[in-house]
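*Asks:* For the protein sequence lines, the chains are A and B, in the order given.
Just so we're aligned, residue 1 is where the first sequence starts under the numbering used here, counting upward by one.
Just so we're aligned, residue 1001 is where the second sequence starts under the numbering used here, counting upward by one.
No lab work stands behind these hints, which were simulated from the structure alone.
There's no promise every hint is true.
[Said to hold, decoys possible] No farther apart than 30 Å at their CA atoms in a straight line, the calculated lysine-lysine pairs in the DSBU-like style are these: (1) Lys52(A) / Lys1112(B); (2) Lys130(A) / Lys1130(B); (3) Lys1154(B) / Lys111(A); (4) Lys130(A) / Lys1101(B); (5) Lys1087(B) / Lys81(A); (6) Lys1078(B) / Lys52(A); (7) Lys130(A) / Lys1154(B); (8) Lys1130(B) / Lys52(A); (9) Lys173(A) / Lys1101(B); (10) Lys52(A) / Lys1101(B).
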Amino acid sequence: MKTNKRVSWFVLAAVIIAMTVALPPQWPAETRAAKSGSNIPVAEQWAVQVDKVDKVDASEVNLAPSFQIAIYESLLDEMSKTKRFKQVLRDGDRNAGDVSDLLILKTTVEKYTPGSETRRAVTTVSGATKLTVHSQLCKRDGRVILERTVSGNVRFMGSNLRATHNLARNVAKTIKQSSLPAASPSAPATSGQL
Amino acid sequence: MNHTLITLNKLAERLLRGPILGLLILLAGWSAAAAQDVIQPANSPVSIRVTHLMGFEGASHNANGTLSIQDDSLQFQKSGKPAVEVKIASVQDVFLGCQSKQVGGLPMTLGKAAVPFGGGRAISLFAHKKYDTLTVEYVDTNGGAHGAIFQMNKGQAEALRNELVARGIHVSDSEDETKQSGAEVTSENK
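Chain A with its partners taken away, still in its complex shape (with noise of 0.2 Å):
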């Protein structure tokens, strides 16, 4: 009886340490960094400026404004999400000729197809909307460094304008997990391009 008490012991002990070095504890900074899916610090990040979206071809393209509205300011809450940036501009803001290490987030709708809420609910099947556009990172002097095409949908749930959140948050995604050159401070654009 006493032997098997003390085996147990010995078990849970073996158990626990085995547990301590398998799952080292995440200290909270750890923790601050994983989630924010960025361990670059602050001084060598770039800072975003989002520009107003662009149609392919306006007459192909039948967007309604208040979307094209809709996927700029998704895109710049979700830019701001990702924390992968210092600063997160909008287009024509002043500021961005004083920032050194700034990339200019161009998007352009490529295919848009017009969905129904209504035909959704009924249907489950038919009726999403659904968005795909061209996201371009470039440089001040309009080098590209990162090129992606993004789609965005809404299939079941939502009212038609989630599918621009939903594009935005794809965007955001797609720039979070890909790798940028590292910022080269450098001396802020004369000419202030906006």
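Assemble the complex: chain A is given as a structure, and chain B must be docked to it using the hints.
*Replies:* Leaving out everything else, chain B in the frame of chain A:
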């Protein structure tokens, strides 16, 4: 003849005392509530109950409040909260649109899901409403572009649009959007 008139009068009185009276009171209350959607205080030419979908700086997403034009600014005020505003001079463009949305939100969606034999889908056919959308493009003090989208009851955006036009704001004809939404609604009605 007189007897017939008396009988008709009695019948009318009975009807008015009964469910019809209740219905009339209900209708009067409903029309009063509908009239309150467009509030026109003495100091503001147009004041409309709207839902702020996104983009108006300082206002939370999907917030219900009042959109009004006060002197030289466009103001959004959520009840019980301080108003947020932009100068009318900073407004660059205004677009009107129309969209059809399901009513009832999440409770309605859950309710529809709970209806047996796919009855919820049938309810979805009728549980939608057309709204006007007003998209306002403006710039902040730093020159940064903003876009705010408001949703309001059908027909109310026109009043606000007229007021903005009267104040010299460029309002774009967003016929494409309206046509597109119209097409969508047509297909929904089929």
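*Asks:* Look at each hint and say if it fits the structure.
*Replies:* Do the hints match the structure? See the list:
1. Lys52(A) / Lys1112(B): violated, 39 Å
2. Lys130(A) / Lys1130(B): Status holds; Cα separation ~21 Å.
3. Lys1154(B) / Lys111(A): holds, 29 Å
4. Lys130(A) / Lys1101(B): holds, 17 Å
5. Lys1087(B) / Lys81(A): Distance ~29 Å between Lys1087(B) and Lys81(A) Cα, so the pair holds.
6. Lys1078(B) / Lys52(A): Satisfied, since the Cα-Cα distance of roughly 28 Å is no more than 30 Å.
7. Lys130(A) / Lys1154(B): holds, 26 Å
8. Lys1130(B) / Lys52(A): holds, 28 Å
9. Lys173(A) / Lys1101(B): Roughly 28 Å separates the two Cα atoms, so the pair holds.
10. Lys52(A) / Lys1101(B): holds, 26 Å
This entry does not satisfy hint 1, going by the numbered hints stated previously; all others are met.
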